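Asker: Protein chains in written order, with the numbering used here: chain E, 1 to 166; chain X, 1 to 124.
Don't read these hints as lab results, they were simulated from the structure.
Zero decoy hints are in this set.
In silico negatives: residues of chain E with every beta carbon more than 10 Å from chain X: (1) 32; (2) 38; (3) 41; (4) 52; (5) 53; (6) 87; (7) 125; (8) 132; (9) 139.
Where chain X lies over chain E, by a calculated footprint (3+ residues, C-beta under 8 Å): (10) 63-70; (11) 109-119.
In this text, all values refer to a predicted model and were calculated from it rather than measured experimentally.
Virtual Cβ for every residue (Gly too), placed ideally from N, Cα, C.
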Amino acid sequence: MARTGSMLLAGLGAWLVLLGCGEKVSKEQLEQLGALAGAAKERAVSFGALAPSMDAKDPAAADAMRRYVTSHAESLARKAKAMADLYEVAQGKKPGKAALAQLADDIATSTAETKGWEQAYPLLKVSDEFALTHLAGLKRDAIQTEGLLKILTEIMKRQEDKKDGP
Amino acid sequence: MDLKIIGDQLKKAAADEAAAFIAGHADAVMKLGENAVKAILTAEVHQALPIPSLPEHATAIQLADYQEVLTARRNMFQLVAAAEKQDAATVRSLKLDASRAAGRLASVALGTVLSVGLKAVLGI
Chain E
1 MARTGSMLLA GLGAWLVLLG CGEKVSKEQL EQLGALAGAA KERAVSFGAL
51 APSMDAKDPA AADAMRRYVT SHAESLARKA KAMADLYEVA QGKKPGKAAL
101 AQLADDIATS TAETKGWEQA YPLLKVSDEF ALTHLAGLKR DAIQTEGLLK
151 ILTEIMKRQE DKKDGP
Chain X
1 MDLKIIGDQL KKAAADEAAA FIAGHADAVM KLGENAVKAI LTAEVHQALP
51 IPSLPEHATA IQLADYQEVL TARRNMFQLV AAAEKQDAAT VRSLKLDASR
101 AAGRLASVAL GTVLSVGLKA VLGI
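Only chain E is shown next, with the shape it has when bound in the complex (with noise of 0.2 Å):
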């Protein structure tokens, strides 16, 4: 866990100095980026259209598991909306520093909420194949986004060796 924080804050840190420096992302990053905030706007939407009809198998837990849904969907949204902002700054029109240290966050958060799904769809009248679909799609959507981190702190440690060099 600890190493998973340090990782993300050095990740985290690379995109600073990156944007810092005024460097841009390269057009594959750009293309990656693309490819997650849609991703995430898709899962957003999917989850967020069948979310009315989730309702706890017991009755006595329907409370609990309508509050669960709801939020869970509100989340993604949250992150659909993060990957866009994201997106928008990598191209330059807006760099922030609070958009990037939610993609750092976001790594964290999206296997936290994978654990969480794991344990609530069993209790959900959702059919396997979406609850089984939208489980892979939030491990995927983590991986994707930790692969990302590393190669840009990759990139951002060459271009300190750059600069230090002779």
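Keeping the supplied structure of chain E fixed, place chain X upon it in accordance with the hints.
Answerer: Frame of chain E; chain X shown alone:
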């Protein structure tokens, strides 16, 4: 940084922001929002609002509380980002969302600065 200092910063920024929000001065809200943003960034949301642990066989209530903390984290980051972008509409919308969540956060054993700070930010 000392947690008490972080808490004090959050409370100060929060009180100012809440007062301006009630007065309905959008510019002042944004300005004071920036201060709150600084406090939140200083506190680092990662530390201030940590992800709680989820029991292996969580109850429906535990799952809902857990998810609401995660959502509150994303709201906090979004709030910071919106304030940084001077996006007043998003800030206002998030404050409302967050205020609803904050009431429920009280039942979650966070034991952190932000569980107090968040309420203070929202003036409730």
